[in-house]
Amino acid sequence: MPSSFLRLLCLLAAIPALGISAERIVSLGGAVTETVFALGAGDQVVARDTSSVFPPAVHRLPDVGYFRTIGAEGVLAQKPTLILAAQGTGPAPQVDLLKNSGITFVHLDARYSAETVLGNVTRLGEVLHRETEAAALTAKLSAQLDAVRVRTLSAEAPRVIFLMSMNETATQAAYDNTAATALITLAGGKNPLTGLNGYKPLNAEALLAIDPDVILYGVSPMAPHAEPPAWIKTGTRAGRTGRLHALDLGYHLSFGPRLGEAVTEVAALLHPAPAATVQR
Amino acid sequence: MASPVRPALRRPLLLALAALLVLAFIAALCFGAAPLSPETLWRAVTGRTASLSALDHTVLFSIRLPRALGALLVGAVLGLCGAGMQGLFRNPLADPGLIGVTGGAALGAVLHVKFAATALAGVSIFLGQLTLPLCALGGALAATAFMHRASVIEGRVVVALMLLAGVGINALAGAGTGLVLFFADDDQLRQFTFWTLGSLGQVTWPRLAAAVPFVLPAIFLIPRHARSLNALLLGEAEAGHLGVDLARLKRTLVFATAAGVGAAVSIAGGIGFIGLVVPHLVRQLFGPDHRWLIPGSALLGAALLLSADLLARTITSPAELPVGIITAALGAPVFFSLLQRGRRNRLF
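Protein chains in written order, with my numbering: chain S, 1 to 280; chain E, 1 to 348.
Chain S with its partners taken away, still in its complex shape:
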């Protein structure tokens, strides 16, 4: 009797082990690493890249360098069985070495869109055999994004500018194809700066002429209390009306599994609830 019970116990214990063989994962790219952990496969990650800073548990893992300037030998030295790499992992010759090494290499899209984030969650769910967790996560993300869309649909989109880095005379502002512009759009705002790609210098005079409703600026997770210069605080309408807000570059702009929370928070900044305004 006890022996058959033990056998049953062993069988039960073996089920997960049969279905999910533990991988040794090297995860390259902040959003990819975050998704792997969000799906509950964090214990299989053996190394990460420099941009992978969340959740805090990743800091105990070896860092193989920034994912855009990876060295193949450093990755192979971790003896991975699975390499997960965000689009943009490079340089190309090193990536080719990894692809030809016989280790499973999965490339993940890194465009700044809700579809990409949802697609990556589903894809990683399949790769890591965590389809249930992935389905739950995409359902939650979609619900959060839909809620924001419904709430901001009827409201007029405020004109929002994102500044990456600031000093007394010049700033770097987000144009097309940036995480910041994608985030502003998802949160029901509109970036008036278009026609150029990436982050480009914007001089003070142009900023005053555009006169945006809201100014968002990026702060590094390492220096969360960085202040914008005085001329932005007092010289712009957004600054004077208290519509100057800091975003955490490692969270709000990461386009990972916390996108739903990030968009909800930013939408609340762009479309403050009427009740809150009345109270004031």
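Read the hints as simulated data drawn from the structure, not as lab findings.
For each residue, glycine too, the CB sits at the ideal point set by N, CA and C.
There could be a bad hint or two in this list.
[Stated by the list, open to error] Selected chain S positions facing chain E (Cβ under 10 Å, derived; list incomplete):
id	residue
1	Pro56
2	Arg60
3	Pro62
4	Val64
5	Ile70
6	Leu76
7	Gln87
8	Gly88
9	Pro91
10	Pro93
11	Asp96
12	Arg159
13	Asp176
14	Lys200
15	Pro201
[Unchecked claim] Straight-line alpha carbon distances no greater than 20 Å define the calculated SDA-like cross-link-like pairs of lysine to any residue that follow:
id	chain 1	residue 1	chain 2	residue 2
16	E	Lys114	S	Tyr175
17	S	Lys190	S	Gln172
18	S	Lys79	S	Asp96
19	S	Lys200	E	Gly174
20	S	Lys233	S	Ser165
21	S	Lys190	S	Ala206
22	S	Lys99	E	Gly128
23	S	Lys79	E	Phe61
24	S	Lys79	E	Asp56
25	S	Lys79	E	Thr314
26	S	Lys79	E	His57
27	S	Lys79	E	Thr316
28	S	Lys200	E	Asp187
29	S	Lys99	E	Pro206
30	S	Lys79	E	Ser37
31	S	Lys233	S	Met164
32	S	Lys99	E	Ala54
33	S	Lys200	E	Leu181
34	S	Lys190	S	Asn177
35	S	Lys190	S	Leu208
36	S	Lys200	E	Asp186
37	E	Lys114	S	Gly88
38	S	Lys200	E	Arg190
39	S	Lys79	E	Ala54
Assemble chain E onto chain S, guided by the hints.
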């Protein structure tokens, strides 16, 4: 000036530099992020490669070996061409970048990064990953050819004019590079930044094979002009009286350097200070005789770059530092100490 060694000691000293290079090369193969046991290495050396694990085989033959050969080639050609340029310009500050090679290569590289997916897509299908190095090389050669034309007066290449034309070309190429970068997106900017910092991580067998033919003229032609460069130390007119064909000398040196340094820069990016500092160091050891200075610079340049790359790969392991940081950080203090010594001895 520290006194150079006695003439009788030059040959042993050159052999010592060669030994240093061999040691640096062996060390580059032995150490890295992935630990390889001495036994594994011995099996590889004795040709029993079939018994290596797939990982060890990849690390040794696809990663470390092409990279070490790349460092050797790039370091040697930068040292060699640096010595040649300092001799040609009779200027201790001349470095291979001065003739527009680096600026032209950077412009070629940034144009490739910007247009790889659009205008150059058809070319990329045929050349694959060789497109970037070849674009950089094309930029280097075009800039140098332009510089060479701009410095001819009545059929004679004027060295002082060549120096100024080089400065002008670099400025123009810099403006072009800046303009393309302004319209680039984030990914393209990052790719280019990585390229300018310099890294031997880009060196693979096909790229190495593509660079070798362009490096060979520098390796074979520049040492053969050592005597002419010695004569040139006396002055252009004097060298002419000694039977040196000045026009040919200038043309050969400039184009061999452009091809060699262009190829080096194209596979490894901007690696600072080797071309400038190594010939100075070697001059301290051997004196100004180019017959010793040129091979010495090649050997020391190669050994130095191999060692710098080994450091770059291992001190932040498993991550990698750009090797340009290490060469500049090692080179600049040496350079300042040379300046200091020159000031003390009233050489300037």
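Comparing the hints with the structure gives:
1. A least Cβ separation of about 20 Å between Pro56 (chain S) and chain E goes past the 10 Å threshold, and the interface hint is therefore violated.
2. A distance limit of 10 Å between C-beta atoms decides the matter here; for Arg60 (chain S) the minimum to chain E is near 15 Å, and the interface restraint is violated.
3. Interface restraint check: Pro62 (chain S) against chain E, minimum CB-CB distance 6 Å, threshold 10 Å, status holds.
4. A distance limit of 10 Å between C-beta atoms decides the matter here; for Val64 (chain S) the minimum to chain E is near 4 Å, and the interface restraint holds.
5. This hint holds: Ile70 (chain S) has a C-beta 8 Å from the nearest C-beta of chain E, less than the 10 Å allowed.
6. Using the Cβ-Cβ criterion of 10 Å, the hint placing Leu76 (chain S) at the interface with chain E is satisfied: the shortest such distance is roughly 6 Å.
7. For the restraint placing Gln87 (chain S) at the interface with chain E, the shortest Cβ-Cβ distance is roughly 9 Å, inside the 10 Å limit, so the hint holds.
8. The beta carbon of Gly88 (chain S) is positioned within 10 Å of a beta carbon in chain E (closest approach about 6 Å), and the interface hint is therefore held.
9. Given the 10 Å rule on beta carbons, the hint for Pro91 (chain S) holds: about 6 Å separates it from the nearest Cβ of chain E.
10. Checking Pro93 (chain S) against chain E: minimum C-beta separation of about 4 Å stays under 10 Å; hint holds.
11. Hint status for Asp96 (chain S): holds, given a least beta-carbon distance of 7 Å to chain E, under 10 Å.
12. Among the interface hints, the one on Arg159 (chain S) is violated; its C-beta lies about 23 Å from the nearest C-beta in chain E, farther than the 10 Å criterion.
13. Proximity of Asp176 (chain S) to chain E holds as hinted, the smallest CB-CB distance being about 8 Å (cut-off 10 Å).
14. Because the closest C-beta pair between Lys200 (chain S) and chain E is about 7 Å apart, less than 10 Å, the hint holds.
15. With a cut of 10 Å, the hint placing Pro201 (chain S) at the interface with chain E holds, because the nearest CB-to-CB distance is about 9 Å.
16. Among the hinted pairs, Lys114 (chain E) with Tyr175 (chain S) is consistent with the structure: their alpha-carbon atoms are about 17 Å apart, no more than 20 Å.
17. Between Lys190 (chain S) and Gln172 (chain S), the direct Cα distance comes to roughly 18 Å. Compliance with the 20 Å bound is thereby established for this hinted pair.
18. With a C-alpha separation of about 17 Å, the suggested pairing of Lys79 (chain S) with Asp96 (chain S) holds against the 20 Å cut-off.
19. For the hint linking Lys200 (chain S) to Gly174 (chain E), the alpha-carbon distance of about 18 Å falls within 20 Å, and the restraint holds.
20. Restraint check for Lys233 (chain S) and Ser165 (chain S): satisfied, since their Cα atoms lie roughly 15 Å apart, inside the 20 Å limit.
21. About 17 Å separates the Cα atoms of Lys190 (chain S) and Ala206 (chain S), which keeps this hinted pair within 20 Å; it holds.
22. For the hint linking Lys99 (chain S) to Gly128 (chain E), the alpha-carbon distance of about 16 Å falls within 20 Å, and the restraint holds.
23. As the CA atoms of Lys79 (chain S) and Phe61 (chain E) are separated by approximately 17 Å, the hinted pair is consistent with the 20 Å bound.
24. The suggested pairing of Lys79 (chain S) with Asp56 (chain E) holds, with an alpha-carbon distance near 11 Å, which does not exceed 20 Å.
25. A C-alpha spacing of about 17 Å is found between Lys79 (chain S) and Thr314 (chain E), which places the hinted pair at or below 20 Å, so the restraint holds.
26. With a C-alpha separation of about 14 Å, the suggested pair Lys79 (chain S) and His57 (chain E) falls inside the 20 Å cut-off, and the hint holds.
27. The hinted pair formed by Lys79 (chain S) and Thr316 (chain E) meets the criterion: a straight-line CA distance of about 18 Å does not exceed 20 Å.
28. Using a Cα cut-off of 20 Å, the hinted pair Lys200 (chain S) and Asp187 (chain E) holds, with the two alpha carbons roughly 13 Å apart.
29. Note on Lys99 (chain S) and Pro206 (chain E): the hinted pairing holds, with a Cα-Cα distance of about 16 Å set against a maximum of 20 Å.
30. Between Lys79 (chain S) and Ser37 (chain E) the CA atoms are separated by roughly 15 Å; this keeps the pair inside 20 Å, and the hint holds.
31. A distance of roughly 15 Å separates the Cα atoms of Lys233 (chain S) and Met164 (chain S); the hinted pair therefore holds under the 20 Å criterion.
32. Pair hint Lys99 (chain S) plus Ala54 (chain E) holds up; C-alpha atoms about 13 Å apart against a cutoff of 20 Å.
33. Between the alpha carbons of Lys200 (chain S) and Leu181 (chain E) the distance comes to roughly 10 Å, so the proposed pair stays at or under 20 Å and holds.
34. Distance hint between Lys190 (chain S) and Asn177 (chain S) is fulfilled; the C-alpha atoms sit about 14 Å from each other, no more than 20 Å.
35. In summary, the hint linking Lys190 (chain S) to Leu208 (chain S) is supported, as the alpha carbons are separated by about 17 Å, within the 20 Å threshold.
36. Of the supplied pair hints, the one linking Lys200 (chain S) and Asp186 (chain E) holds, its CA atoms being roughly 10 Å apart against a limit of 20 Å.
37. Distance restraint check for Lys114 (chain E) and Gly88 (chain S): the Cα-Cα separation of roughly 15 Å lies within the 20 Å cut-off, and the hinted pair is therefore satisfied.
38. Taken as a hint, the Lys200 (chain S) and Arg190 (chain E) pair is honoured in the structure, with Cα atoms around 14 Å apart against an allowance of 20 Å.
39. Between Lys79 (chain S) and Ala54 (chain E) the alpha-carbon distance is near 11 Å, which keeps this suggested pair within the 20 Å criterion.
Hints 1, 2 and 12 from the earlier list are contradicted by this structure; the remaining hints agree with it.
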